[in-house]
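S.K.: Here's the letter readout for the chains.
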Amino acid sequence: MAGENSQPNRLIAGQRTRLSRTMHDIRYDPVHDEMFVTNPFSRAILVFRGGADGEEPPIRIIQGSNTRLLGADRLDVDPVHNEIYVPNGRNVLVFPREGYGNIAPTRIITGPDLTSDDVGTLAVDPVNNVFVTARDIVREGQSNFSRLLIYDRTANGETNPLRIIAGPKTEIFRINQLQVYPPKGRILAAMPGAYDMQQPEGVFVGIWNITDNGDVPPRWKIAGPGSTMLKPRGVAINAKDKEILVGDMRMNAVLTYYFPEIF
Amino acid sequence: MSDKRRFGWLCSAILIGLVAAAAWVLLSGDAARVNWDRAARAALRQPTGEAQLVSIAPFPAMQDGEMCEWMPASASMTLAFSLQAGGPAASNEGSSAGMNLPPVRVIRDTYATYSAIAVDLNSNEVLLQDENLFGIKVFDRLADTPPAAQFSEPKRQLVGHNTKLEFNCGLYVDPKTGDIYSVNNDTTDLLVVFPRGAAGDIRPARELETPHGTYGIAVDEDASEMYMTVEHANSIVVYRKMAEGAEKPLREIVGGDTQLEDPHGIAIDAKNQWIFVANHGNVGGRETLGISSRFDPPSITVYPLKGNGNIAPLRIIEGSNTRLNWPAALAIDEGRGELYVANDADDSILVFRVTDTGNAAPTRVIRGPKTQLKNPTGVFVDTKNSEVWASNMGNHRATVYDLQANGDVAPKRVIRSAPAEKVALAIGNPGAVGYDSMREEILVPN
Chain R
101 MAGENSQPNR LIAGQRTRLS RTMHDIRYDP VHDEMFVTNP FSRAILVFRG GADGEEPPIR
161 IIQGSNTRLL GADRLDVDPV HNEIYVPNGR NVLVFPREGY GNIAPTRIIT GPDLTSDDVG
221 TLAVDPVNNV FVTARDIVRE GQSNFSRLLI YDRTANGETN PLRIIAGPKT EIFRINQLQV
281 YPPKGRILAA MPGAYDMQQP EGVFVGIWNI TDNGDVPPRW KIAGPGSTML KPRGVAINAK
341 DKEILVGDMR MNAVLTYYFP EIF
Chain U
106 MSDKRRFGWL CSAILIGLVA AAAWVLLSGD AARVNWDRAA RAALRQPTGE AQLVSIAPFP
166 AMQDGEMCEW MPASASMTLA FSLQAGGPAA SNEGSSAGMN LPPVRVIRDT YATYSAIAVD
226 LNSNEVLLQD ENLFGIKVFD RLADTPPAAQ FSEPKRQLVG HNTKLEFNCG LYVDPKTGDI
286 YSVNNDTTDL LVVFPRGAAG DIRPARELET PHGTYGIAVD EDASEMYMTV EHANSIVVYR
346 KMAEGAEKPL REIVGGDTQL EDPHGIAIDA KNQWIFVANH GNVGGRETLG ISSRFDPPSI
406 TVYPLKGNGN IAPLRIIEGS NTRLNWPAAL AIDEGRGELY VANDADDSIL VFRVTDTGNA
466 APTRVIRGPK TQLKNPTGVF VDTKNSEVWA SNMGNHRATV YDLQANGDVA PKRVIRSAPA
526 EKVALAIGNP GAVGYDSMRE EILVPN
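Order-wise, the sequence lines are chains R and U. Counting in this note's numbering, the first sequence runs from 101 upward without gaps. Counting in this note's numbering, the second sequence runs from 106 upward without gaps.
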């Protein structure tokens, strides 16, 4: 188990990978053993085989004018229904998981809430058939965008959210990476605080349920000085070991928390 | 019979009883049939049908004086129950279980990793941009870490919250005053300036708001103008050298004709009045201009020093012969007319002629295991001492070579900031994290 000053098992890097020198999401598909990332600078979705290493090129690339991609930072993959979901600013684009090249999205989900929220992050729950979105850049005076929106996974076109988690009790300012844990209907959200502050106050990783609605506090919150996190941007789940993984940008670190409560 | 003798008989009886019970266990071969009730009575403890205090032993003292935190068992709530509308349903929801919960493991690199390098030839010092711990470390120019040493300590360093250094990449040192210019690439969109000799957790002497994603910096000292590349906007912005606050750029090279494609390093050839830019080849597409998103090869584009607006490059160095692979910083030897490239993903320094164009092969390539180059992202040309420096993000080192070095050559000196065998963790600005459940590996995009 990796710890301080561990060496990475694998390093995927270099021109042929088509990766940019900055990435803001990664998703692993355990059913098909594939990894999904975006290259926002070239407006592409890159798919790698799960065991990729070194300067290995992606096995599939979705890119081009037909895709309508605007340089999305984040995405999620639904390995059950074989779809890729991309928060694309004013809409959510859905592509076939095995899509390749300059393809159009199979569904485009829009709506006044998505448009206004400039949706930047997303997670899809293929068991309970919802997806969750949020805005990842919120500045002072924009607290009306500090929220989680829950949509029907099969939505298409102009759509309203099923539920909105918003309000002062949520303590949400903005959300970076989102995850879901379908067996328990959990939503995990990394809340890194104000965008342009190096060490904002009140940062946390919050856990809600997909059934939550309105001004509800997180059911659990990993936070506080004892947690050591300074600016959590990433969150992932290791369900087998009941662990929550947190990527902290200010620490340049990955923190692992044992948190059986949510599993 | 005296009390003493009666007591002795009583002890003997108890002892015999215990021995008999033990013998019965051994001979009968079935411990389950032992009448522990008889044994307990014999030991003077009467069974009551209730729990009995048997003994007391203190918990071992915790190092920090606190008790172990009680961790409740996994939630037993069913999915059906959890899907009921309303507030928290399980008794442990809404608990403070997560508050101040320490991590069980932390993956981080505790050593500096160097994204850029500059040399102050007046003070004879090397300045290294530490993008892992968010600082600038200063060493003597002639420092050379002995192979057996764990690492070299810097003479001084700038580090701490007040410095506003974060994801600091571009670095420039004023050749006359020694002022230190540092570019932040993400979150805090600032250029911060410190005076020569600055140390500790101090505020910058000057700050300039820069576009998001600013990366490289070069300065035209004759005109007192500074040039910076901007990744996200695919542009070059030019400010007064002494600009600060919200001051706007004097000029900006941007647009579809510029062929700026995720620009990184930048260098100025003041002699020929040219700007050189290293591009990673990511084309974001501008459908309104008829430009589609695509991956182009990495390139070096050249512009007139006073260029402005949507101008085409004078020349482009691009193609398989160039060996460019995530080209990062650039530096120029104006006297010899040579361009040096920190070639990140190829672990090399490439040298071109400043007049090269098209699919030109470099005239020299410093590369190989002896060089100790590992993901070099910074390069500095010292024409006074005829040396070229590289800062290596992959192995916590700054390495220096003869200016005319070529091939697999050992560095003249090495400044090492971690144990010799240590390879950098390579986590930088982890904006996300993933988990590969098949391989039980944590995926960290940077």
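Rather than coming from a laboratory, the hints here were simulated on the basis of the structure. Just to be clear, a hint being listed does not mean it is correct.
[As the list claims (entries may be wrong)] Estimated spans, in silico, between C-beta atoms of each pair:
| no. | chain 1 | residue 1 | chain 2 | residue 2 | range |
| --- | --- | --- | --- | --- | --- |
| 1 | U | His317 | R | Asn260 | 31 to 39 Å |
| 2 | R | Pro130 | U | His317 | 33 to 41 Å |
| 3 | R | Pro325 | U | Gly350 | 43 to 51 Å |
| 4 | U | Pro207 | R | Arg239 | 53 to 61 Å |
| 5 | R | Gln242 | U | Asp306 | 25 to 33 Å |
[What the hints assert, rightly or not] Covered stretches of chain R, going by a simulated chain U footprint (3 or more residues, C-beta under 8 Å):
| no. | region |
| --- | --- |
| 6 | 129-138 |
| 7 | 168-179 |
| 8 | 186-192 |
| 9 | 240-248 |
| 10 | 258-269 |
| 11 | 337-349 |
Virtual Cβ for every residue (Gly too), placed ideally from N, Cα, C.
S.K.: All the hints need checking, so say for each whether the structure fits it.
M.R.: Each hint tested on the structure:
1. A hinted range of 31 to 39 Å holds for the C-beta pair His317 (chain U) and Asn260 (chain R), which are about 32 Å apart.
2. The hint said 33 to 41 Å for the Cβ distance between Pro130 (chain R) and His317 (chain U), and at roughly 35 Å that hint holds.
3. At roughly 34 Å, the beta carbons of Pro325 (chain R) and Gly350 (chain U) sit outside the given window of 43 to 51 Å.
4. For Pro207 (chain U) and Arg239 (chain R), the hinted distance range of 53 to 61 Å is not satisfied, since their beta carbons lie about 32 Å from each other.
5. The hinted range of 25 to 33 Å is satisfied by Gln242 (chain R) and Asp306 (chain U), whose Cβ atoms lie roughly 31 Å apart.
6. For the region 129-138 of chain R, the assignment as covered by chain U holds, since 4 residues bring a beta-carbon within under 8 Å of that chain's beta-carbons and 3 suffice.
7. By the rule of at least three residues with a Cβ nearer than 8 Å to a Cβ of chain U, the coverage given for the region 168-179 of chain R holds, with 4 such residues.
8. Remark: the region 186-192 of chain R is not confirmed as covered by chain U, as 0 of its residues place a Cβ nearer than 8 Å to a Cβ of that chain, below the required three.
9. Three residues within the 8 Å Cβ limit are the bar, and the region 240-248 of chain R against chain U gives 0, so the coverage statement is violated.
10. For the region 258-269 of chain R, the stated coverage by chain U is violated: 0 residues have a C-beta nearer than 8 Å to a C-beta of that chain, whereas at least 3 were required.
11. Beta-carbon proximity to chain U at under 8 Å applies to 11 residues in the region 337-349 of chain R; the threshold of 3 is reached and the given coverage holds.
Hints 3, 4, 8, 9 and 10, counting from the list given before, are not met by this structure.
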